[in-house]
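Colleague: Listed here are the chains, written in short residue letters.
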Amino acid sequence: MSGGVDSSTVAALLVRQGHTIVGMTMQLWNQRRLPELVPETGGHGRCCSLDDVYDARRVAEQVGIPYYVVNFERQFEEQVVRPFVEEYLAGRTPIPCTLCNNYIKFDRFLEMADAVGAHQIATGHYARVRYDEASGRYQLLRARDDSKDQTYFLFGLTQKQLSRTLFPLGEMIKPEVRELAREMDLAVAAKGDSQEICFVPNGDYAAFMNAYLKDKGIEPQATHGAIVTTDGRTLGEHQGVHHFTVGQRRGLGIATGEPLYVISTDPETQRVVVGGNDDLLCGRFLAKQVNWISIEGVSTPVRAQVKIRNKHAAAPATLHVTGDPTWVEVVFDQPQRAVTPGQGAVFYDGDLVLGGGWIG
Amino acid sequence: MQHFYFDHNATTPVAPEVLETAVSCLGQVYGNASSIHHFGQAAKQRLEAARRQVSALIHSSPAEIVFTSGGTEADNLAIFGAIRAAGSPRVHLITSAIEHSAVLAPSAQLEREGVAVTRLPVSAGGTVNPEDLRRALRPETVLVSIMHANNELGTVQPIAEISRITREAGVLLHVDGVQALGKIAVDVDALGVDLYSISGHKFYAPKGVGALFVRKGTKLAPTTFGGHHERDRRPGTENVPGIAALGAAAELAGRTLSAESERLASLRDRLESWVLDRISGAGINGARWNRTPNTSNIYFDGIDGEAMVIALDLRGFAVSTGSACSSGAITPSHVLIALGLSADRARSSLRFSLGRSNTAEQVDALCDALAASVTHLRRISVHA
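In order, the protein sequence lines correspond to chains A and B.
Residues 5 to 364 (this note's numbering) are what the first sequence spells out, left to right.
Residues 133 to 516 (this note's numbering) are what the second sequence spells out, left to right.
Hints are not guaranteed to be accurate.
[Said to hold, decoys possible] Derived, one-sided and incomplete: chain B residues facing chain A with beta-carbon distance under 10 Å: (1) 412; (2) 445; (3) 513.
In short, the hints are calculated from the structure, not lab data.
Predicted model only: the values in this text are computed from it and were never measured.
Built from N, CA and C at the ideal position, the CB exists for glycine as well.
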């Protein structure tokens, strides 16, 4: 229970359906740890702030369930925040939400549920899970509300994890969820949705990284470098590759006639390579550490629609097996813009999530 | 589902006779104790009667009792008050590594303000070595603050020995007695203390009331300002119902202390013997002797203490991992770490603190629940 409308409505729904449930908020990140980042307003709607815990507790009280706050700050820092910072410093664009799902929400939290005698967990994710008799596998499907679908971040879930998870909001659209919350008179019915990464205030991940590194007493390494074109001409200077992500257009500090985009970054040489729109196009790439969900894997080429970013319309592609069973080659029908190392590549067959991996 | 309470060091329920005193006072004795008229006088009488009751429990004179809003305020008043009364800019404070945050936090604040602070280590059994104190004394030491009984372990510190050293050195001794009063005998003269903190809600009085014993002649600067109450040491219109309740609780404690501490010790020992006998990989944290009779801090290897507290709560047994004030903290108990426990073992530890409502049947039921929980948690534990 994050204190948001979605998880609050899930709690109320499950109680209404007659389940015996326990509500828990995971204390993942101390908002006051990096004080320079905390806005005057005090951090509502971000990861486990005091206000959010208060809201979750109030909802638990309203629906009449036991409620606890469980502390996973140490694990969250080790398995989500630190990798997030390291990925950026390595010139990649991470998706911490996927790591949080894999290692915290559907791992530590599942273990905590086990510890207190619960068979399953339920979350406010917009996604659907069902058991398919024919294949004997738990399948993950897109949510009915496509605009809120979160399956992109769930590609790492194992069969074991899915077998013990409920996604009660999967069949609902967001307005219905809010309506239900209002109808059940939940304290958070009118609360705004949280945006961006939960532990990064205002979406300013560069400021977060600087503050975090300072807090750990780590000097960020050499953060000056050149912005160059694809044919090696230097166009300008920058303050660190971690400020840039593939496909980025703003913040280059270069005025030219035609639009320029970040094509790649190299933390070794601290170079940011920019180019035109065509340079961003990519027809094929390798996905590593692939996790298969609805199917067992690929032995022969498989047709799928592949998302390379959360806000990307899944594009038709063919999935090819490689020498390594955990690597898949994705060949798009049409080249796609800005295939970004560090992001996830998620393979769909319509609504069905076949599986996904990491863009190398 | 029935709920059983094994967290008396966190707080205690208000005893029936104490409740009666508080309620009658709330309803009927509403004058301001500083008013000269009939209503004020009635309030003043209740106030002074309670003062006599509290002083009797600790063998002090009534004039040496200052009423406060609780133990935290008493600790703050003692520490800031003694240090600020010293007058000299170069001062030194000695405390211990296992104090409650109500002593550690004022110490840390004074340190930020330029006061030198020494934090004495403790033995594996949880006690301060008086020789360490002797060696730590400096010419500019003004105050020593060592708790009487530790809230997480129950360990009792050698206060009489410590006070001999502080007296010899001409240094003030403050003792946080919050976890001791009501559980073991307290005699401020035998102990040799100059300042002693008291918290009502640890011995069956309501929350929000406590006291500080201030030995006659002790220089204490006020930390809050307003009227002249409590002999100019703590301003504010007195919470007479709360204070009356504190007095009643003190009297109750005096009457029942020796029988009750024997009863509690036997229940606590029953719990510990059963656990050590039947549950492998479990042990007592801190020395088993020289403890308050009701407290037991036990590690259970291979389990997560936080998960176990929740699991036990869902079965109807209320216990805790460390002090209530530190729940949800990212770092394991500073007390257990000071004993030399590893972070893992500290996180696998639970505190059981018994009180008036506990019976042998309840302890047995707790033991069964413990065994079941530990077995279950160890079986499912992947991230041990």
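Colleague: Kindly indicate which numbered hints from before are broken by the structure, ordering the numbers from low to high.
Modeller: 1
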